[in-house]
Every structure is written in structure tokens, then in C-alpha cells.
Amino acid sequence: MEEQVEAYLNYLKLEREEPGLNFLQRLIQHHLSCVPYETFSKFHYFREGIYIPPFETFVEHLWEKGWGGTCFTLNINFARLLRGLGFQCSFVRVVPGHVALMVLLNEKKLYVDVGYGSPIMKPVELEAKRRHVLHGFGEDIIFTQLEPGRYEIDRRSNGKSFVKKTIEWLPLTEDDLKEDIRASYLDDNANQTMRRVTAVRFNGRECYYLRDRSLKIMNYRNIRELHMRDFARWKDTIGEVYKIGEDALLETIQFLNERGIRLFSP
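One rule links them: number in the numbering used here = place in the sequence shown (from 1) + 163.
One should not assume that every hint holds.
Stated by the list, open to error - Straight-line C-alpha distance at most 16 Å; calculated EDC-like pairs for lysine to aspartate or glutamate: (1) 327 - 303; (2) 228 - 399; (3) 228 - 409; (4) 398 - 375; (5) 323 - 302; (6) 272 - 290; (7) 272 - 331.
Said to hold, decoys possible - Derived Cβ-Cβ restraints for the label pairs, each shown as a range: (8) 385 - 253: 36 to 42 Å; (9) 336 - 374: 31 to 37 Å; (10) 353 - 165: 21 to 27 Å; (11) 424 - 182: 42 to 48 Å; (12) 369 - 269: 14 to 20 Å; (13) 324 - 353: 18 to 24 Å; (14) 369 - 291: 49 to 55 Å; (15) 351 - 326: 16 to 22 Å; (16) 321 - 417: 34 to 40 Å; (17) 351 - 393: 27 to 33 Å; (18) 427 - 339: 39 to 45 Å; (19) 427 - 331: 38 to 44 Å.
No lab work stands behind these hints, which were simulated from the structure alone. Note that beta-carbon positions come from the ideal geometry of N, C-alpha and C, so glycine has one too.
Between the sequences and the hints, there should be enough to build the whole structure, so can you do that?
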């Protein structure tokens, strides 16, 4: 475990420190920059019959394949890292279909999320006030208390809401999430995560958002969109932006083809 913690930290380009707010914030920021939200590995783990990779496997795939994961893989393994560094943390359910972390630090409960593909670049002390607003890459993230123990998280672009979820502010264990994790892997057309390619990475002042063959490059001023009509360009672009190799891309193409979804013509 100790060896994997050091390898994970090295991948994030950080050194070990005592648990503290500043260190936690840098861990979050570096994680969002270095570790992508992506579905390539999700399709691979599904084929292997693995829902959440063990910590050792997750760290190994970071270094060897550039893989991150989707919300459960990212936040569960980030929690394992935090605990290895001496932080106290639990999971919180975010409905529908998401999970985040509750980190207890200096007697304060902090909301942490590195698995939403969104610029939540710092811990949020939800209980400190009724409403919190974060900004980044053309997006507003608004946390609003609905009632004690329940908060709405509303993501908006250009003033328009595009996804809302509800945070159930109650500490959970990984075992408590077994059914949530299983549901996230349902191989069904209603589960859109299992039917499309998604990847998000934050790099300095830019956010790279991939959806199937379209890559949006967003900064604080504008949005550019790149449409990739052939596999070679798609492969090269994903390799450059997300550092993910061809094997994972071919596995993804095959996975989707088997379900009647063709990104590229034969």
C-alpha cells in the first residue's frame, strides 16, 4: 500500500505532506489535471468482470496506460490515497448515479469530488452556508442546501442548468455503495455511460471534453470544437490530449460495435 501511495503521489507530481487544507486542495487540483475522467477503462473493466479496480491495479494503470476512470473508480481510489496520507474520509451518495467524498479535517466536513468531470477544484464546506458557487471553464457549479443533510448540486453553462443532482450528506462505506456501483455498469441502452465515449481532462487554463467523435476545448474566454471523422485522427488526438493508447481505443470501438454503435465506418 505504501509503495502505491508514493507512486500515486509521484504521478500527481506532489510530495507527501501532513494532512491539511492546502495539501488537500492541491491534491484535488493536480488530480483533475493529471488523471482523466474517461470511459475507455470502464469498458475494459466490464469485460474483465471488475467493477472497481484494486488500488494497486488503479495506480499501475495510471502509469502504464494513462487510465483514470468514471466517478466510482476515481473517487474510491482517491479516497484510498487520502487515507494512505492520513486523511479521514467517507463516501457520500449523489443521486442519481454518482458518488463523492466527505473529508473530515479540523472538525469540518468537506465535500470533495474528483470524479464528476467538472472543475470542483477545491473542498467545499457545505454546512458553512446555505449556498456555494464555484466558477470555471464557462461553467457555474452551485451548491444549495435543500434541507438538513441534503444539498442540490447544479451545473450551469451560460446561465442554463444542464445537470442537477442531490447530495445525501451522510457518511457511507464502500460496502454501502455496492448496488450503486453495480447499477453504474448495467449493460443497457438506458445507461448512457455504457453506450458512449466520454473523457474530460483539465490542463492549466483549458478543459478538454470528449464525447464520441467531438472534442471541445474550453477556456475562460471561448469554446472550440474539433470533429474527428476518421479513426486515425481520433486515435492521435486522444493519445495527445489524454495519453491513452491505441489498445484501449480499439477495445472501446469493439465494445460499442457489439452493441450496434459505430463511431467510424468500416
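Going through the hints against the structure:
1. 327 - 303: Holds. Residue 327 to residue 303 sits at ~12 Å (cutoff 16 Å).
2. 228 - 399: holds, 15 Å
3. 228 - 409: holds, 10 Å
4. 398 - 375: Since the Cα atoms of residue 398 and residue 375 sit roughly 12 Å apart, the hinted pair holds (cutoff 16 Å).
5. 323 - 302: Holds, at about 10 Å.
6. 272 - 290: Judged against 16 Å, a Cα distance of about 8 Å means the pair holds.
7. 272 - 331: Given pair residue 272, residue 331 holds - Cα atoms ~13 Å apart, limit 16 Å.
8. 385 - 253: 36 to 42 Å: This hint holds: roughly 39 Å between Cβ atoms.
9. 336 - 374: 31 to 37 Å: holds, 33 Å
10. 353 - 165: 21 to 27 Å: Given range 21 to 27 Å: violated, Cβ gap about 42 Å.
11. 424 - 182: 42 to 48 Å: holds, 44 Å
12. 369 - 269: 14 to 20 Å: Check failed, 33 Å falls outside 14 to 20 Å.
13. 324 - 353: 18 to 24 Å: holds, 22 Å
14. 369 - 291: 49 to 55 Å: violated, 30 Å
15. 351 - 326: 16 to 22 Å: holds, 20 Å
16. 321 - 417: 34 to 40 Å: Given a distance of about 37 Å, which is inside 34 to 40 Å, the answer is holds.
17. 351 - 393: 27 to 33 Å: holds, 30 Å
18. 427 - 339: 39 to 45 Å: holds, 40 Å
19. 427 - 331: 38 to 44 Å: The hint (38 to 44 Å, Cβ to Cβ) holds, given that residue 427 and residue 331 are roughly 40 Å apart.
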